[in-house]
Amino acid sequence: MSHQETHGFQTEVKQLLQLMIHSLYSNKEIFLRELVSNAADAADKLRYLALTNDALYEGEGELRVRISTDKDKGTVTIEDNGVGMTRDAVIEHLGTIAKSGTAEFFKNLSGEASKDSQLIGQFGVGFYSAFIVAKKVSVRTRAAGHDADEGVLWESEGEGNFTVETITKASRGTEITLYLRDEEKEFADDWRLRSIITKYSDHISVPVEMFQPGTPEREGEDGEKIPATEGEWQVMNKATALWTRSKSDISDEEYREFYKHISHDFTDPLLWSHNRVEGKQEYTSMLYIPAKAPWDMWNRDRKHGLKLFVQRVFIMDDAEQFMPSYLRFVHGLIDSNDLPLNVSREILQDNQVTKAMRVGITKRVLGMLEKLAKDDADKYQQFWAEFGQVLKEGPAEDFANRERISGLLRFASTHTDSAATTVSLDDYIGRMKEGQDKIYYIVADSYEAAANSPHLELLRKKGIEVLLMSERIDEWLINHLTEYKEKKLHSVTRGDLELGELEDAAEKEAAEKLASESASLVERLKTALADKVADVKVTSRLTDTPACVVAGEGEMSTQMIKLMQAAGQAVPEVKPTFEINPSHPLMAHLDGQQDESLFKDWAELMLQQAQLSEKGSLADPSAFIKLMNQMLLASIK
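Residue 637, in full-length UniProt numbering, is where the sequence shown stops; the numbers in between run on with no holes.
Computed spacing ranges between beta-carbons, pair by pair:
(1) 572 - 433: 31 to 39 Å
(2) 165 - 359: 46 to 54 Å
(3) 359 - 199: 35 to 43 Å
(4) 446 - 426: 21 to 29 Å
(5) 165 - 219: 45 to 53 Å
Hints in this document: simulated from the structure, not taken from any laboratory. Just so you know, even glycine gets a beta-carbon here, dropped at the ideal spot from N, CA and C.
All chains, full assembly: derive it from the sequences and hints.
Now the structure itself:
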């Protein structure tokens with residue numbers, strides 16, 4: 001008995017439909033690529049399920065996708081004999097966007113068609129792309145292994161709702177009919193569709209067929225009758241798994257279209273690698289580095305990983321066991337001859353073959369990036385701008401490849417003039433001063449805060465390069481990246497500034513003399529600030545600033561404290577070391593202050609000023625302003 005229901009679209013679906021219709025007008029033909037890709041995926045999934053239940057084939061084991069048109073009615077139909085859908089699956093998959101973080105996606109939309117088109121491409125639209133050209137979409141489907149009377153008819157005009165009705169469908173699989181808008185009738189042309197299939201779907205391993213009409217009986221040039229021919233379904237694509245073909249037989253365009261097929265990204269990949277491994281393990285990998293980061297790359301629930309095939313049979317999407325988390329931006333597939341066809345995620349987790357393949361694939365991706373960095377610095381900078389923060393997770397996650405990953409990292413530095421221009425650790429080492437044995441760096445809240453930090457004053461004066469780190473992950477990274485090529489990384493905001501051979505005997509002698517002459521000032525400051533600082537010292541790191549605060553050796557840095565507080569973790573109170581520059585006029589004024597009450601106020605002001613410069617904020621900013629106003633009023637009386 002037929003049972004029809006009307007459902008409202010999920011709010012996000014309504015928004016996405018409107019965006020696609022208005023933003024993707026310049027690339028309408030992608031609807032066919034998306035629908036054919038989905039149909040091919042349905043065939044792959046049935047092939048996998050049938051490994052353990054051959055009855056799902058229902059006596060028809062030849063999987064295929066068929067496309068037909070009706071010019072008079074203005075329709076295009078894409079039909080597959082794949083896994084099909086149940087009623088519940090239809091409502092779930094065609095009425096909602098089953099992705100986490102959709103609210104964040106829509107928040108990022110700008111309202112500008114060209115920019116939103118790129119973002120939609122990164123989001124992936126799949127089935128909904130049908131509404132780019134269709135005023136109405138009808139889906140007839142039945143899940144493999146279910147009775148004929150458990151078919152489902154889904155229909156919608158892409159507005160606020162859709163209907164779902166139980167129907168009888170003799171064959172398994174899904175049939176999607178698009179009722180084209182009047183201005184999109186070009187897509188009902190048989191030859192137009194053939195050209196799109198050739199362009200976008202040649203790489204798909206399932207045969208994509210179109211009907212070739214027969215010819216009536218006719219008379220030849222010599223007067224002889226030519227018999228009529230029957231129409232037949234013709235295969236329009238090579239229907240061979242792309243990765244099984246020789247690299248020399250595959251065009252760059254085919255590689256690009258295959259990437260779009262597996263990633264549902266509209267943009268071309270940045271680079272790719274197609275490789276066959278033989279020997280102890282046998283597998284083929286096809287790996288892609290995207291040009292743009294997915295909109296939800298930082299979403300914890302986002303799935304990542306490679307498509308897994310075993311002996312050309314699709315097994316699963318998002319097999320994360322073959323790719324470390326810090327390379328989660330990589331798309332691609334792996335086809336293994338060494339894994340069982342019934343392999344599960346649980347078996348993959350502890351499988352030695354899986355671990356060996358993971359090692360090999362990880363090295364291949366790092367090799368791809370190393371080659372890109374060497375051969376095309378501008379293109380690598382494009383990659384770094386999109387995925388650099390993810391790659392920074394690598395040194396902590398992958399100890400075996402720490403040195404290689406570190407060589408791929410990029411940072412702003414005092415050698416460059418903007419945050420967008422970065423240097424590698426090898427660049428830095430190549431420019432190190434004679435006698436320099438450390439890589440100096442600073443971590444701050446922003447590029448501007450790092451570049452203008454008073455901690456850099458002496459180093460700038462000496463022409464010593466400092467790496468400027470300002471991303472949230474940098475402090476965490478630096479706890480795991482303590483040295484590179486036997487050069488220790490040293491924070492210019494921590495402990496004593498160790499310049500080693502970069503400081504000559506005369507400078508050391510002058511620093512010692514200044515410290516000796518300022519001993520009484522240091523003692524007075526220790527007394528005045530006893531409950532607020534761990535120690536007071538004379539420093540040579542400052543040239544233009546009266547004072548700064550630093551973290552002692554082994555103590556938690558300012559940035560690490562902020563990270564832990566942002567994560568909701570309790571942080572023990574850490575008193576800073578207060579370093580002063582006695583040569584600065586303000587410090588000379590402070591030293592000459594005889595009124596101890598006024599001296600304490602000045603000391604407090606200098607300390608809070610230094611803390612504000614280091615942290616970017618104060619625990620009690622109103623008290624600081626009150627004290628500063630008090631000092632200003634005293635100075636004008």
